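Fit the two chains together into the complex; they arrive one by one in their own frames, and the hints show the way.
Just so you know, the protein sequences line up as chains A and B, in that order.
Residue 39 in this note's numbering sits at position 39 of the first sequence, and the numbers go up by one each step.
So this note's numbering is basically just the index in the second sequence, starting at one, shifted up by 318.
Source of the hints: derived by calculation from the structure; they are not laboratory data.
Treat the hints loosely; a few may be bogus.
[As the list claims (entries may be wrong)] Lysine-lysine pairs mimicking BS3-like chemistry, simulated, CA-CA at most 25 Å apart:
1) B:K593 to A:K116
2) B:K515 to B:K428
3) A:K116 to B:K335
4) B:K593 to B:K515
Here the structure is a predicted model, which is why all the values come from computation and not from measurement.
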Amino acid sequence: MTASALTTIPPRTVTRRPGVSPRRAGWIRRAPLMPALIFLIIVTQLPFIATLVISFLRWNALDPGNRGWAGFANYKEVFTDSRLRESVITTIVLTVSVVLISLALGLGIALLLDRKFFGRGLVRTLMIAPFLIVPVAAALLFKHGIYNPVYGLFNGTLTGIWHTFGSQNPPQPDILTIHPKIAVEAELIWQWTPFMMLILLAGLQSRDGEVMEAAHVDGAGNWQMFRYITLPHMRRYLELSALLGTIFIIANFDSVFTITSGGLGTANLPYTIYETFYASHDYGLASAQGVVVVVGSLIIATFALRVVSSLFEEEVGR
Amino acid sequence: MTHAVPVTTRRPRRSYKTAGLGLAAWVIGVVFFIPVAWMVLTSFHSESNAGTNPPKIGAPLTVDGYRDFFGSSTGASPWPSLFNSLGASVGSTLIVLALAVPAAYALSIKPVRKWTDVMFFFLSTKMLPPVAGLLPIYLFAKNTDFLDNVWLLVILYTSMNLPIAVWMMRSFLAEVPPAIMEAAAIDGAGLLNILRKIIVPIAMPGIAATSLICFIFSWNEMLFARVLTGVVSQTAPVFLTGFVTSQGLFLAKVCAAATIISLPVLVAGFAAQDKLVQGLSLGAVK
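Bound-form chain B, shown alone (with noise of 0.2 Å):
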């Protein structure tokens, strides 16, 4: 960008700006990440080590936070409740992307008549707080015996990411050209071959940001799990608050579980920082 600017003159001043400016980068890029080293330091010392004043940094480092966190003092495994998440997560990312991509062609690739009207129909009911629908939904549940129910989750969960999901998919959808598929409409391909030829390797980037942030808000999620989900459906993130306050001296602890529960979201959206910016910005930034 700058190799046809001729600002020889300004060298020296402009590269200690420079390395200044990065300079700042470093050090807020540090300051942000220090409460997850910190997160990830303490699960790696004793609980004697990490609950002290001024703070231990390089105290022996031992699993025992892991192995607390996995229950072998308490006999209380974490496994059934992150088995629930993932049950929920994955679950629930799977009926939005089998709803979201037909609602989507039908908002891009075939309009309906007044598509933007049902756009915002979609992202209207993201703007209600969850909250105010949480009793009903409590209600129904008791009166039905789907409370303590992780397939309640899914659809709960399901219902808080259509929206985000549909308004993705269109703007991923809205990319395929139409001469292409007029083309191969002209050419004799079916819609079959149209699918999957031209739209899916197309929309394939898409999918794959939509299921990442699908699956990160869902793994998230903690006030409906709590309230609608008891001993045997529990997600994750209510086995942590619970796992809180049934604990002594736990710092090393809680870090270790902080640290488990978070991994799947830390190395997927690590994995795909790209999906994640598209996917947060509803494909508006691609």
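Here chain A stands alone, though its shape is the one from the complex (with noise of 0.2 Å):
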């Protein structure tokens, strides 16, 4: 179950011909995995390095003739800037906030739906349909389908339920004005949710069948089987669904971009380094921008990455 499981993978069929030497026969092993591993290297590695090459340049496509070299200029600017420093922040508040959130919810709806009642599949179905809605469309649906003052859902139902109950001053929030944050995490919440459902769900699932109903007979309620038996065996999968939705939120574009454009404080890094170079055009400083973006990634990347090959070495080593 452990690292050593890693060393003692079986060493499947060895067959290995006469006359053919160990390192060709290594190469031919190697050979199916080549193409995948190039080309991964040369569409995400080479371009960080340009990134990083452009980063140490003064160049703004707006003064193509002011280009040349700037040392660590645009790092400066980088971490003196309180637009990136408000981005940095506005990314982990996004980001932390909607994965746990939505980790929440999607273990209290799988807790739910794995026990059995009559339309379980259907309720199912209906909680996966929002994690298939294309973002943009999802985006614009709550922008001005649901957001909107004047005519969107949210509103609306309130001018519904005020006047069902003769009244004719129903509040009327501009949630987009008011809260724009929580208007942002509000729609990936409802998009990512169903995600983390799906994967703990089908954990739950998993569970042995046998060990509930032994500690069931031995009289165990239904928190000591949660806090004892499912919680435990829960961990991977919280911890998968933790990891790749963070990997995909982090990364989230098309929300802020949609609903609020970056304003309002709504501005995630991905937004902000779009904006540099797209608007501003500055290439130098958006390269910059970049550069520490990865290596922040990187560094949660490591701590992540750690989580998964722990994942990892379980399910080899079964």
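Spelled out as structure tokens, the structure:
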């Protein structure tokens, strides 16, 4: 179950023909891997090297004559620019809140869906739908169809409820202006809760029925069963869904771009970099921002990869 | 699971509780579905009935929103962008499979040395935000006439999905029992036969799950598509954002557009719910 399991993988079928040198056999083994590996190195690693180089240049596309070596000037700007500091905080707040809330909601809903009840399959299908709406479409739907203060569903429902009770003065909050961050977060939570729920539900259904039954017979209460059997079993599924959710939400661009266009303090790092490059055309600064984000991501990734690797070794060791 | 549990004395209380929890599940499911239902319903309303407060839920249905989306009033057809999305998604998915299946073979059935390191390299590329590599890719495309070219998206989507696909395919191929392959090899089956008769049938569900996930992520992608495409090769999500800014009173049209663009993903996802779970968990759940 531990790291030693990795080294004791059965050698499978070693069909080394006589006359084939071990060196050559190694390359035959590696051959099927090479196209994917080389492709990925070229398409993902080369651009980052280029980003690193450009980050040391003074390069604004609107001022092409003034291109040259900038040293650390771009980095100085990155770390002194309050806009970028804010977007770092926004990214963290956005990612942590969306991941934690959708994880908690997802677990609760998965626990409900794990029980037998009438129409369970249909409810599961309804629950998945938000995840299957194209992200840009979902963001547009929330911005115009739900949050719009004049004709959005949210205020429309408030009006409906107030009218039912005879009031002509329903509250009509402009959510996008008052709580822009919550508006973006709510949309993302709506999209990602089903994702968490699906993985966690599959985890719940892979619990050992006999263990559960034995615990029940021994008089374990619901809470005890959850605390001592379900939760330990679910740890890897919780970690996996949190990790995958983080990967996707940290890089989220569509919702911020569509719902608020980065305004009102909702600009996260991907949006800020996009804007520096696409609107300000400051290639040097955008690259320096990119490098800082990559370094930050690498720190998170190192931690995250350790989590996956422990899951992975469990799986391999099984 | 509960058949052997002697809880008959607690039945009445339990059945109330079970019904209550079932009802709670229904309520939550419906609440999550409301925005989708609202989107589809509004897409069939006329613009004057769509933008009302309180909402007119029982308003007469019409397909004007869909007509408008397909360009009846503006003349701007969404078909080219839908086909671009289809081409970029299907094309990149095919290339991903062509690269990922052999790679997964070399990581599971006949594993190379240090194959876990290779796995983690693949996954680590997924952890770098795509936006950080966007500028060099843009400059490269601009200087090589690749700007506004669907093939560039095919390549980028391939790299975006390849790590996920390798992880998924490895976990599926790892299920192939080595004993069967050894037995087949002893019986004189060649590599091609082993592939065709043993590996492919076991890997097929994995290939289906991988394709579904790759298709969805490519179809949804917007950042690269927005920056790197223009008139000729814009994809459906980019068309959608442009469509909004160019229209006036538009809620029904926007909902029609959002429904049409989400339809392929909805259909594929609903049809293959189990594959969706397998794929989203990188094959960890089977």
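Right, here's what the structure says about each hint:
| no. | hint | in the structure |
| --- | --- | --- |
| 1 | B:K593 to A:K116 | holds (22 Å) |
| 2 | B:K515 to B:K428 | holds (17 Å) |
| 3 | A:K116 to B:K335 | holds (12 Å) |
| 4 | B:K593 to B:K515 | holds (22 Å) |
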